[in-house]
Amino acid sequence: MVVQHPREVEISLNGIRRRVAVKSNWTLLRLIRNSLGCKSVKEVCGIGECGACTVIKDGRAVSSCIELAILCQDSTILTAEGLTDGENLHPLQDSFVKEGGFQCGFCTPGMILMAKALLDETPNPTLDEIKEYMSGNLCRCTGYWQIIESIQNAVHQKNSKRIHYHHQRNSKT
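In this text, residue positions in the sequence shown follow the working numbering: the first is 15, and each later residue adds one.
A few of these clues could be false.
Derived lysine-lysine pairs resembling DSSO-like cross-links, with alpha carbons at most 30 Å apart [what the hints assert, rightly or not]:
(1) Lys172 x Lys71
(2) Lys56 x Lys112
(3) Lys145 x Lys56
(4) Lys112 x Lys172
(5) Lys172 x Lys56
(6) Lys112 x Lys145
(7) Lys53 x Lys112
(8) Lys71 x Lys37
Because the hints were derived from the structure by calculation, they are not lab data.
Generate the whole structure from the sequences, applying the supplied hints.
Listed below in structure tokens is the structure:
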């Protein structure tokens, strides 16, 4: 029997530097859910196919159930817990609430983080781009239209604020 000695890994989780002892076979999901208490990250399939465990690692959406924690040294990790700004929901979270983009809520954190990664990469995605990007996240409760509409609404709200700000700024000159 091989004895696994824990090794220290330092990550930034939702803006806070954390140092944790991990075993070499631990996944990022196990580290952030079980050791660091981020309960929004869910394990469903365990093979990176459902999206429930999605987090943003160093700016990219990853399936934390197949990402080894030991390989995340000095990584920046964002979970749904890190999206809020104090009392305020992130625009995607707010849009999912307003558009009914969830029912049971189990898959919602992974959906929202995948959508955030999409919007960070493609600020004004087409309907086809949204469908393609979100195709790796599964939901058994909603039809996917509410999820797609939630993302489209978040894009619309962001663009409306940008246009309003631009109009205000130009009207002062």
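Status of the hints after comparison with the structure:
{"no.": "1", "hint": "Lys172 x Lys71", "result": "holds, 23 Å"}
{"no.": "2", "hint": "Lys56 x Lys112", "result": "holds, 23 Å"}
{"no.": "3", "hint": "Lys145 x Lys56", "result": "holds, 22 Å"}
{"no.": "4", "hint": "Lys112 x Lys172", "result": "holds, 15 Å"}
{"no.": "5", "hint": "Lys172 x Lys56", "result": "holds, 28 Å"}
{"no.": "6", "hint": "Lys112 x Lys145", "result": "holds, 20 Å"}
{"no.": "7", "hint": "Lys53 x Lys112", "result": "holds, 23 Å"}
{"no.": "8", "hint": "Lys71 x Lys37", "result": "holds, 19 Å"}
Of the numbered hints listed earlier, not one is contradicted by the structure.
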